[in-house]
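Participant: Take the given structure of chain A and dock chain B to it, following the hints.
These protein sequence lines map, in sequence, to chains A and B.
Residues 1 to 369 (the numbering used here) are what the first sequence spells out, left to right.
Residues 1001 to 1304 (the numbering used here) are what the second sequence spells out, left to right.
Since the hints were derived computationally from the structure, they do not count as laboratory data.
This structure is a prediction, so every number in the text was calculated from the model and none was measured.
Cβ atoms here follow ideal geometry from the backbone N, Cα and C, with glycine treated the same way.
Heads up, some of the hints might be wrong.
Mimicking PhoX-like on lysine-lysine, the simulated pairs with C-alpha atoms at most 25 Å apart in a straight line are [claimed, not checked]: (1) A:175 with A:90; (2) B:1050 with B:1032; (3) A:259 with B:1050; (4) B:1046 with A:259; (5) A:11 with A:92; (6) A:92 with A:229.
Sample of chain A residues facing chain B (criterion: CB under 7 Å; computed from the structure) [stated by the list, open to error]: (7) 88; (8) 140; (9) 142; (10) 166; (11) 301.
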Amino acid sequence: MVYALGQHDLKRLLAYSSVENIGIILMGLGIGMMGVSSGNPAMAVLGFTGGFLHVLNHSIFKSLLFMGAGMVLHGAGTRSIDALGGLLKKMKITGTVVIIGSLAISGLPPLNGFVGEFLIYLGGFKGLALDTSAFIMNIVAIISLAVIGGLALACFTKVVGVVFQGEPRTRAAEKATEKGSTMLVAMVVLAAACVLIGIFPGFIILLPLRAVASLGLGFEPAVFEPVIKITENLTFAAMIFLSALLLVVLIRSFFYRGKLIAASGTWGCGFTRPTVKMQYTGSSYASFILDFFRPVASLSEEHPAIQGRFPAKTHYKSHINDIAGLHMNRVVVDPIMFFFDKLRWIQHGDIHLYIGYILLAIVLLLFFI
Amino acid sequence: MIESILLFILAVLTAPFFSGIILKVKAFFGGKKGPPLLIQYFTLIKLIQKGSVYSRSTTLMFRLGPVISLCSALTVLLFLPIAGHAPVFSFHGDVIVVLYLLGLGRFFTIAAAMDTASPFEGMGAAREAYFPIICEAAFFMILILFSRLTGELSLTAYFSGQNPLSLWHLAGPPLLFVVFAFFIILLTENSRVPVDDPATHLELTMIHEVMVLDHSGPDFGLIELGSFCKLLFYSTLISRLILPFDLNPPLTFASYFAGLAAVSVAVGVTESVMARYRMDKVPQFILTSFALAFFATIITLEFI
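One chain only, chain A, in its complex shape (with noise of 0.2 Å):
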């Protein structure tokens, strides 16, 4: 989640923050297992049913996510999320199924998300009984999706906050529409199911209970009656923060009434000519929490300073590396890459030799079988 932070790629942003997803995953998969192992089974499937719940969900809010930067490529032509801004403004449609994805990957009520991670940490705070060495490895969980969950927070507000919300950076957001309606449709489908599961999971949660029943662990069926609860309880607090909300709307147009509402430009704090290049960024943005995280994520910057003393023009550039790909690709790709190169003689491109490699196998395969 910290490397996805760090990136300016829709694309990638995306791609690293689906790998924080898997991780998720297997946490309610390894609480299960850990239920199962220790004889419980109560823990055992809200475990499982998590794990399974989040796979499900996380192939809608993806797919929903990645099409929408996928609408932001084709209408604003680029994906570099600090060349972007405003875009909720021009791409009405894109940005409100876009919002609705962000909130359902933070995991935030009353969406879908939600539903997964709440039973994930119900499955690790019955594991908190366990003795000392599952004891740990509970507690590691819970935070570590706490912990998540507020990356994840972070990162999607980003991705809103920088993208669509704001001013446009450059001409090419400026310019940028919404068009395809087929695509738009889709994408509506999908915000629909991330609300629909996020209000109602009692319709979707038989589909994972099925799954864990299919797992052959010998539960009764009484092991499940708890899940489906649950599941009524997130509907009834759902419920609860709709109506909540209603309530408020209606308060505050009952206060709007009659009153003057006025336009005009933000606030600058005196600033005479503020520039829409005066917004935060998206690595400024991120840089504060990058900073905590220096250890495992360091970041490369290339920043050459003003000389002389007054405002002149200068760039900045933030890469953040990837120690995982920096590793693989020193101690596994080169390595690979470097053998592989010595043998480039083979593919020379004549296809006379082609066809005599082709022979050969023939020949070798009809010999040897």
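Facilitator: Only chain B this time, still in chain A's reference frame:
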């Protein structure tokens, strides 16, 4: 049930009062008479009577921000046992729903802040997205401790009726760590010194104030009420822990409100005697609360 609803309404109505206590305490430390105790009520009434100015850069998200932040604060209070009485609603695991609802409010406040295309709001939003990450970890650590002590996972199981007293019986001194950890979380989530200065007028030093810089009129009133309710929520947790008595109703109310007043005074004193930390020291401060909760959990491992 009726009593719980009445208590909920009472809590929402008295929330601005405790913010007034904090201002009075701060003024006392400055040798000033300070604003009247009911100042925040006057502020809310004043804000409701105004109209609003919206920036041309903003969209619907900007109008949604105050609505959702107030809504999540109110919903959270519905699950809170007020004055030790059972809350309006509760179910197993409602603590997690409460925490994530507060996160929902935070998401929309940040999105509304980024909507204004102002670097000040962006700065505040970046900080607001960062500090609660550690706060959530600390709160969950405290939840792990409570869940291990009581085996249950709802606010009413920890804070209503006899339960806080039984928590003290089960864990004793480590609960002092928890009280301190809750206090640090309160300071962070409600943007108090030493994490954020609610009285500063320098945008570079603000976190929460700067995010709501462009809101005006009734919108701002909704945001203020939401923040008072959040303050009430965190103060209740501490109040029920430090004064865990469950006596006949008038005394319980008195002790509960006395506890809230004590927490407000403590916040006021903290704000007056400390300066706000430099921004890179703030994560260390919040990590202290996580460390306190963690040690409290480790210590109780022997007792149980």
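Participant: A separate judgement is required for each hint: does it hold in the structure or not?
Facilitator: Here is what the structure says about each hint:
no.	hint	in the structure
1	A:175 with A:90	holds, 8 Å
2	B:1050 with B:1032	violated, 29 Å
3	A:259 with B:1050	holds, 7 Å
4	B:1046 with A:259	holds, 13 Å
5	A:11 with A:92	holds, 20 Å
6	A:92 with A:229	violated, 37 Å
7	88	holds, 5 Å
8	140	violated, 11 Å
9	142	holds, 6 Å
10	166	holds, 4 Å
11	301	violated, 17 Å
The earlier numbered hints that this structure contradicts are 2, 6, 8, 11.
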